[in-house]
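Q: Sequence:
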Amino acid sequence: MYPDQTPQRAVEVHQPTPIPPPVVHPAPVVPVQPGTAPTVASIVLPDGRVVTGYAIDPARPEPVTTKPAVSRTAVNVALGGVGFLAVCGGLLLLTSFIAALTAFITQLITLAAVIFGGWIAVQVLGTSGGSSGTTVHIRKATFKRNHFHG
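Oh and the sequence shown: position 81 is 80 in numbering that gives the first Met the number 0, straight run, nothing missing.
In short, the hints are calculated from the structure, not lab data. None of these values were measured; they are calculated from a predicted model. Even glycine gets a Cβ: it sits at the ideal position worked out from N, Cα and C. Hints should not be assumed to be uniformly reliable.
[What the hints assert, rightly or not] Just the calculated beta-carbon pair ranges, DEER-fashion:
#1 Gly47 - Arg71: 51 to 59 angstroms
#2 Val81 - Leu110: 55 to 63 angstroms
#3 Val81 - Glu61: 46 to 54 angstroms
#4 Gly80 - Gly116: 52 to 60 angstroms
#5 Thr101 - Val121: 26 to 34 angstroms
#6 Gly88 - Ala58: 51 to 59 angstroms
#7 Ala58 - Cys87: 49 to 57 angstroms
#8 Val29 - Ala58: 45 to 53 angstroms
#9 Ile119 - Val81: 52 to 60 angstroms
#10 Phe115 - Leu93: 32 to 40 angstroms
#11 Arg71 - Leu93: 27 to 35 angstroms
#12 Ala99 - Val121: 29 to 37 angstroms
#13 Gln122 - Thr101: 39 to 47 angstroms
#14 Pro30 - Thr51: 27 to 35 angstroms
From just these sequences and the hints, can you work out the full model?
A: Dropping the structure here:
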């Protein structure tokens with residue numbers, strides 16, 4: 000019910016090592032010679048006032064890129080249509096080929112049936128001069144009171 004008595008464990012305590020503050024060295028002061036002083040412009044307004052200031056270059060607009068004659072989307076749609084047309088044409092040719100092949104096979108089967116039927120007809124109905132067939136002579140016979148009299 001009560002936990003077993005365990006001996007105390009030794010615990011080590013680690014203190015963080017302090018980080019020394021960075022040493023700041025002031026930058027050396029180097030005298031900078033100014034470039035040529037910009038020219039000061041004075042403008043006399045029509046009402047007689049004089050405005051003095053530095054001349055600045057006027058803001059130049061970015062050059063306008065010429066738009067293509069046809070948008071890229073229109074080109075992609077047209078290419079998709081050409082591809083679709085090519086696929087449909089190929090499928091149309093494929094179905095035409097399958098229909099022609101089916102008709103050809105049907106004609107071959109019909110031709111084989113006609114030739115085979117003709118061969119059978121010649122075998123059965125053929126009149127050859129030899130004794131290859133069986134000749135049966137039927138004579139006059141009568142039945143009287145369910146008896147055969149030949």
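Q: Against this structure, judge whether each hint is valid.
A: Each hint, compared with the structure:
1. Gly47 - Arg71: 51 to 59 angstroms: holds, 58 angstroms
2. Val81 - Leu110: 55 to 63 angstroms: violated, 43 angstroms
3. Val81 - Glu61: 46 to 54 angstroms: This hint is violated: roughly 36 angstroms between Cβ atoms.
4. Gly80 - Gly116: 52 to 60 angstroms: Roughly 54 angstroms apart at Cβ, these two residues keep to the hinted range, so it holds.
5. Thr101 - Val121: 26 to 34 angstroms: holds, 31 angstroms
6. Gly88 - Ala58: 51 to 59 angstroms: Holds - the Cβ-Cβ distance for Gly88 and Ala58, about 56 angstroms, lies within 51 to 59 angstroms.
7. Ala58 - Cys87: 49 to 57 angstroms: holds, 55 angstroms
8. Val29 - Ala58: 45 to 53 angstroms: Violated, at about 34 angstroms.
9. Ile119 - Val81: 52 to 60 angstroms: 57 angstroms Cβ-Cβ, so the 52 to 60 angstroms window holds.
10. Phe115 - Leu93: 32 to 40 angstroms: holds, 33 angstroms
11. Arg71 - Leu93: 27 to 35 angstroms: holds, 33 angstroms
12. Ala99 - Val121: 29 to 37 angstroms: holds, 33 angstroms
13. Gln122 - Thr101: 39 to 47 angstroms: Violated, at about 32 angstroms.
14. Pro30 - Thr51: 27 to 35 angstroms: At roughly 29 angstroms between Cβ atoms, Thr51 and Pro30 fall inside 27 to 35 angstroms, so the hint holds.
Hints 2, 3, 8, 13 from the list above are not met by this structure, while the remaining hints are.
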